[in-house]
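There are 2 protein chains.
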Amino acid sequence: MKVHLITVGDEILIGQVVDTNSGWIGRLLNLHGARVERVVSVGDQHEQIINALSEALSRADMVLMTGGLGPTKDDITKKALADYFGMEMVFNEPTYERIKRIFEQLGRPTSEAHRHQCYMPTGATLLHNKMGTAPGMWFDYDGKVVVSMPGVPYEMEYIMEHQVIPRLKEYFPGKPIGHRTILTAGEGESRVAERLDAFENTLPEGMKLAYLPNLGQVRLRLTYSTDSQTQLDAALDEKARELESLLPDIAFGRGDRQLEEVLGQILEERGLFIGTAESCTGGYIAHRITAIPGASAYFGGSVVAYSNEMKMKALGVQPETLQQHGAVSEATVREMVQGALAAMPVDVVIAISGIAGPDGGTPEKPVGTIWMAVGSSRGVQAHLLRAGKDRLKNIQYAGTLALEFTRRFILEFH
Amino acid sequence: MKVHLITVGDEILIGQVVDTNSGWIGRLLNLHGARVERVVSVGDQHEQIINALSEALSRADMVLMTGGLGPTKDDITKKALADYFGMEMVFNEPTYERIKRIFEQLGRPTSEAHRHQCYMPTGATLLHNKMGTAPGMWFDYDGKVVVSMPGVPYEMEYIMEHQVIPRLKEYFPGKPIGHRTILTAGEGESRVAERLDAFENTLPEGMKLAYLPNLGQVRLRLTYSTDSQTQLDAALDEKARELESLLPDIAFGRGDRQLEEVLGQILEERGLFIGTAESCTGGYIAHRITAIPGASAYFGGSVVAYSNEMKMKALGVQPETLQQHGAVSEATVREMVQGALAAMPVDVVIAISGIAGPDGGTPEKPVGTIWMAVGSSRGVQAHLLRAGKDRLKNIQYAGTLALEFTRRFILEFH
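Residue numbers (the working numbering), protein chains in the order written: chain A, 11 to 424; chain B, 11 to 424.
Just so you know, these hints were derived from the structure itself, not from any lab. Certain hints may be false.
Copies of the same chain look alike in the list, so a pair counts if it fits in one copy or across any two.
Pairs of lysine-lysine, DSS-like flavour, derived with a Cα cap of 30 Å [stated by the list, open to error]:
1) K12 with K89
2) K403 with K12
3) K403 with K323
4) K179 with K399
5) K399 with K249
6) K89 with K140
7) K403 with K88
8) K12 with K88
9) K249 with K89
Modelling step: build the complete structure from the supplied sequences, incorporating the hints.
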């Protein structure tokens, strides 16, 4: 099956918004055995949308479109589709009722723009959009399929996962394809590849192993396709287990779970509460832990101590320690752990202090020098990280490593 | 002048790499009065590249291509171009000499792949690539121009800025185009559209207003094109000022600045230090403030108080307040502000407590109920937010609103 994507929006062409939707859709379709053959981005012009659609339909079995469905004047995808298919626009009462309900709950009135948004092409099957006001639209046309979705990523993602993929499997049944994803953290791609060198040679023909590295994590994805679903699952399960047994230290989970979710489960099972004492990460680690639903069952609290004054005042770091060793030092992060354990209602603490950049480095402690410590009543472990020059990447990388070291600490000591 | 972009690479279509090149080129061309009309991404296949090129040349005056020029499998773009134009491939000695020199300096030998890389289509004008080994290529074809560049962003950027733009201005002296982007926060897209309804009707012919909404923010972009650059700038500046004057409360800046950056500048100018006292946002607001380089000049620290115990212990919230009004209440966030002002070396505090979801709601306080307060020695302002059901979106939305209310508070009181 050939899929073409069309992303609509002047903001993409002038580079004000980076189109992440097409990459996301490419990854999702890939997992379901379909392949995006082409992505076309056009502006908010009727003729351009029509041209792109016409060309796509001449080559593809399925055309997925994003963007141009909002309530404002530059949102014209819907009209272009209706014109292309020769359909009328009719007012859709259920959509309007839904929008009214949403706005009533928010205590806000609906406007004329919202009414306008509820006109839909007659032949479209509306796809429920739980995350926003504009539904997706599914068109059957000449044995092919066109789907139009909002450009807001989480709305598009909801519609793709819950509405498009299930229908797509009915329309275009193919040979089963399967995946197993093993999640690792704390080791780089080339080191992981070295450890799996022999393993890769044992894979059955047609089974592929992909490395997907991202700031402190490497996801390992096994992909296999064969006629029998049973055989497919058995072969993938066996190889996934084998792979995990080769990486017992760094493999923390499977699928699309997040490290902070796995850590949360380990904490909850042991009845432990965690806290963070953050300098250079500025609350980012706490944010990742608390972004997981139910985090209140194991997250106690956090102190972000950016200045030395705050490190002394809120975390009891000794002035002499800061003077002798500096804020970015093993001694300081160890004292931050002890201070945080005393100051907060928590059992385990992650402490971190480093030079996130882009400025603030010295020859001795260049940008990217990051100290972290994990501790509880049973001990403290400190780690030194040497990251890069990019502030945000350093924060994210340090956050992932801190979560991973904490996971290992708890498994070892609790 | 119409420009089409073609980005080549399987990695883009399967979503392993996000194509940031096309957005970068779109921004650059805009600054120079040219407009990207379409972006097409295709895989590393000869036929696909030829098809995309042929279509682009039927519509555009200039086609810019990125990707497929490296020393490995990706000779495919160059070969496709030579085939399309009916050109021979000839060995280019200067390019090979340059590659040998680079590798000698690195102390590494050159390989057969490098020699292979030096075969170029006869009709191509080579464009010097200071940042890498593969030069860009410029083709004049039937009154149109095709340029092929490497996909590595900094190599492409060098060639665009130093080789393509200067030539482009000679080839296509054209009508200038301009943009002004006004940033707003705190009000939804449809509400902003209502406020600008009359304004939109006053726009001169050909000037367009686009709405770019994203979780609590709406960017407003004015676009205009006319023969005289002076007239263009004057008309855009006038309308941008008029637009800002219609939205004095919610317009916080221009261009591509971030709200937390604007807030940081306001704080630094006034010599104020900010801190946060966060419950439901769990450190996210502190993270956003500290993600900006130089934040240590105005960020003091943060307390994340998830549990009631932590709210009492670290922020001095009274047990009676929590009992009578609950953790998610105006009274609690007001006490969090006062407690945080006392506990941290800061002048201004954002406090926030809410039900981020997906669980934990009650009929009285459903998921998405969020209280926030901003305060200093000069007073405290509280706000009630009614957000949606998605935990992460609620955190991000509340974070943006908190930053925006803080900006307004400081402008009003400091």
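Tested hints:
1. K12 with K89: For K12 and K89, both the intra-copy (25 Å) and inter-copy (24 Å) Cα distances are at most 30 Å.
2. K403 with K12: Neither way: K403 and K12 sit 36 Å apart in one copy and 33 Å across, limit 30 Å.
3. K403 with K323: within (29 Å within a copy, 33 Å between copies)
4. K179 with K399: between (45 Å within a copy, 29 Å between copies)
5. K399 with K249: Neither. Shortest intra-copy (38 Å) and inter-copy (39 Å) distances fail the 30 Å Cα cut-off.
6. K89 with K140: Classified as within; 23 Å inside a copy, 47 Å across copies.
7. K403 with K88: between (39 Å within a copy, 26 Å between copies)
8. K12 with K88: Classified as both; 23 Å inside a copy, 25 Å across copies.
9. K249 with K89: between (49 Å within a copy, 28 Å between copies)
Of the numbered hints given earlier, the model fails hints 2, 5; all others are met.
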